[in-house]
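Residue numbers (my numbering), protein chains in the order written: chain A, 287 to 669; chain B, 17 to 340.
Keep in mind the hints are simulated off the structure, nothing from the lab.
Misleading hints may appear alongside valid ones.
Here are the simulated lysine to aspartate or glutamate pairs, EDC-like style, with alpha carbons at most 20 Å apart [claimed, not checked]:
| no. | chain 1 | residue 1 | chain 2 | residue 2 |
| --- | --- | --- | --- | --- |
| 1 | B | K141 | A | D668 |
| 2 | B | K163 | A | D305 |
| 3 | A | K666 | B | D88 |
| 4 | B | K163 | B | D195 |
| 5 | A | K326 | B | D88 |
Selected chain B positions facing chain A (in silico; Cβ < 10 Å) [claimed, not checked]:
| no. | residue |
| --- | --- |
| 6 | T91 |
| 7 | D104 |
| 8 | F119 |
| 9 | K141 |
| 10 | R228 |
| 11 | L251 |
According to the in silico footprint, chain A covers these stretches of chain B (three or more CB under 8 Å from chain A) [unchecked claim]:
| no. | segment |
| --- | --- |
| 12 | 77-89 |
| 13 | 125-132 |
C-beta: ideal position from N, C-alpha, C; glycine also.
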Amino acid sequence: MSASTAEIQAPRVGQFAPDHRGNFIPTWGMIRTRIMELRKRRGLMIALIVVDIGLPVIFLAIRLISHAVSPKSFGPAGGYDIFSNLVAGVMFVFGFIVAATLGCTAGSVDLSEGVFRHLVVTGRSRVALYFARIPAGLAILVPIVLVGFAIVCAVCVIAAPTKLNYDGLTVPSGLSKPALVSWAEEDANAGNVVCAFNYRGPINVPVPCGPNGVVIRKVGPGQAPAGPAPTKAQVSALAGKIAAQDYADYHNNFLSPPFKLIAQSFLWLELETAIGFIVGLGLASLMGQRTVPVVLMIVLEIVLTPLLATNHIPHLINLQRAIVGIATAHVEPNGIPTVFANNHSGGGSGLIPETTLVAYLVIAAWLVGWTALGAWRMSKRDV
Amino acid sequence: MTDVLSAERPTTLSESPWAVETHDLTKRFGGRTAVDGVDLLVPRGCAFGYLGPNGAGKTTLIRVLLGLTHADAGTMKLLGHDVPQHRDVALARVGAIVDEPRFHQHLTGRQNLQILAAAREPAAKERIDAALDRVGILHRANDKVAKYSMGMRQRLGVAACLLGDPELLILDEPMNGLDPAGMVDMREMITSLVAEGRTVVLSSHLLDEIERTCDAVAIVDQGRIIRQGPITELLAGATLEVEIDCDSPERASSLLQHNTLSAQVSVVEESLHVSLPAGTTRDVVGEINRLLVTEGVSVYRLQENHASLEKWFLEVTSRLGDNQ
């Protein structure tokens, strides 16, 4: 050990200037080094990238290749449906899980690896040490989600289908309501529209539907299937009526995801990621370990939340509403399938009822509550 | 209110003569008292040994001092600042190793120090290389800590202590894991740190190291400090041992036991071991020699053994009872 050094000199009694290290706000240096500490966990980073970027990329790559090899057997790789299903089915759930895993790691490794006591004896506020982890974790997660999401968006826009398949029927996309009605009333389309489109109401004319000459008569509820074949005018009028009724639904179907939906979906995914990270961070800090909190978070996301999202349990409805996953599902953008509800209507339909305001309050309570719990535990913990 | 608080907040290092000052400090774990009313005074600018058997409460006291756990009773000051009230100001000039130094295994030594420096003042970052150089691991600074030996981690722990340009260093068992050369290096470094005007509190079970390194010592047993002060003064209160080789040990033993020297005499492997009370002067050794020769006992060798810290430690702690 070298006995002499220029930088470390004898203590300067009386020359100490306070640096506010008791303040609860972390410094940029603390955040930066915390990012470095997390980023250098190679296994965790690989898992995070594989799940958030790799899974959608593999899925899209397979679809791209399949479509290129056999376009008639395999549809386009991108498009609105692929986008909405990837966002709601893969990126939402898996994004939460990897964010929670990173949060649990950030909340526990200083303790488990014995570094927290080194940090505490610097005199730095324990709360500041805790708070430094939040921007650090988000600084890692947000770009990864962004990259994964950008790839999904790019493929879904570039490789979108050229024709809209609506209710099993190829329909021109982007039509106005009169244009859709006019298109439906055309003789070539009217029969198909009547047979394929959903319709709520009585159908007074028996229309022959079905392939290969098999005649199935589409009729209204309680009506006999038999009857004279309708005239073209009758079928055309009925098709126009059905198209007009279906327009609101048709209007939400696109060849490729619109920009507004892309922006809303991105913010929604980032919100879910932030929730996963912050709750995981707080829970792991509270428990002082990583494994059990990770398991609990996964159980919450893929077992408890789906179970409680759609099944109305008497007397426990408010408890169900207080589950963050259900609240987050309620604030999802219109236009993508409702998560946890197996419902393609989107916008939180199919879930237990909850107002948007209550959903946002629940989300805020989880973020603030778990942050406070984690910070409190770290400030009081014996190390 | 804010102004009042700001006005009361210390802005310069205190001129208190004590680096560490505790009064009636107590820490309990359930029904067990780990630190029991400790009154400890560590003078500034010295190497101070904190000595006690395993489980005596040494590490617990250090953890309380550093704010790693709370005290149940008593007061304490570090560098003249009340802790925990002004913990941030006090710890700004304190470096410490508690238990074994542990670091993020997946990071290099330098990266670990960067994390710790970021929690200190901005200047701490500039001291990283100097600290690594001082403990002799600058050449391994970019290796992952997972590849470090125990001794290198110990050195990295000391480097972490130096980041804050500390006036007070608290080192808990710093010799653990060091090879003999490393122990010599560590001893020299502690000496050089003290020579620079810093205070080093050294908690160790290696009595010999404490004796070689420290100027003053506190002996702790069962959570209580039972003796403290400069080592030379404390050893002056220890018994004086005299070892005698002679032609008739049994007769010599009988002669010494029947005079007024108040000596405890025993014969071990043909040698006579004489234990004289604390404070006995060297003249008494001459008197013993004179008595034996006068009575016709041939004395071949007479050796005065200075009391070691180890023997004195065993005398004053409960460990003596365990060994008997």
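Legend entry - Assertion that chain A covers the segment 125-132 of chain B - criterion: three or more residues, beta-carbon distance below 8 Å: Three-residue rule met by the segment 125-132 of chain B, so holds; n is 5.
Legend entry - Restraint check for K163(B) with D195(B), where alpha carbons must lie at most 20 Å apart: It holds: about 17 Å lies between the C-alpha atoms, which stays within 20 Å.
Inset, instruction - Would you check the hint for K326(A) and D88(B), treating anything up to 20 Å between C-alpha atoms as holding? - result: violated (40 Å)
Legend entry - Satisfaction of the T91(B) interface hint, Cβ to chain A closer than 10 Å: violated (18 Å)
Inset, instruction - Go through the hint on F119(B) and say holds or violated, using the shortest Cβ distance to chain A against 10 Å. - result: With a minimum Cβ separation of about 6 Å from chain A (threshold 10 Å), the hint on F119(B) holds.
Inset, instruction - Take the C-alpha atoms of K666(A) and D88(B), compute the straight-line distance between them, and say whether it is at most 20 Å. - result: Judged against 20 Å, a Cα distance of about 14 Å means the pair holds.
Legend entry - Status of the hint placing R228(B) at chain A (closest C-beta pair under 10 Å): Nearest chain A Cβ about 16 Å off; hint violated.
Legend entry - Status of the hint placing K141(B) at chain A (closest C-beta pair under 10 Å): holds (7 Å)
Legend entry - chain A contact restraint for D104(B) - C-beta distance below 10 Å: holds (4 Å)
Inset, instruction - Would you check chain A against the segment 77-89 of chain B, counting CB to CB pairs closer than 8 Å, and say if three or more residues qualify? - result: Since three or more residues must qualify, the claim that chain A covers the segment 77-89 of chain B holds, with 6 doing so at under 8 Å.
Legend entry - Restraint outcome when L251(B) is required to lie within 10 Å of chain A by C-beta distance: Status violated, d = 28 Å.
Legend entry - Given hint D668(A) paired with K141(B) - CA-CA distance at most 20 Å: violated (27 Å)
The structure is inconsistent with the numbered hints 1, 2, 5, 6, 10, 11, although it conforms to all the rest.
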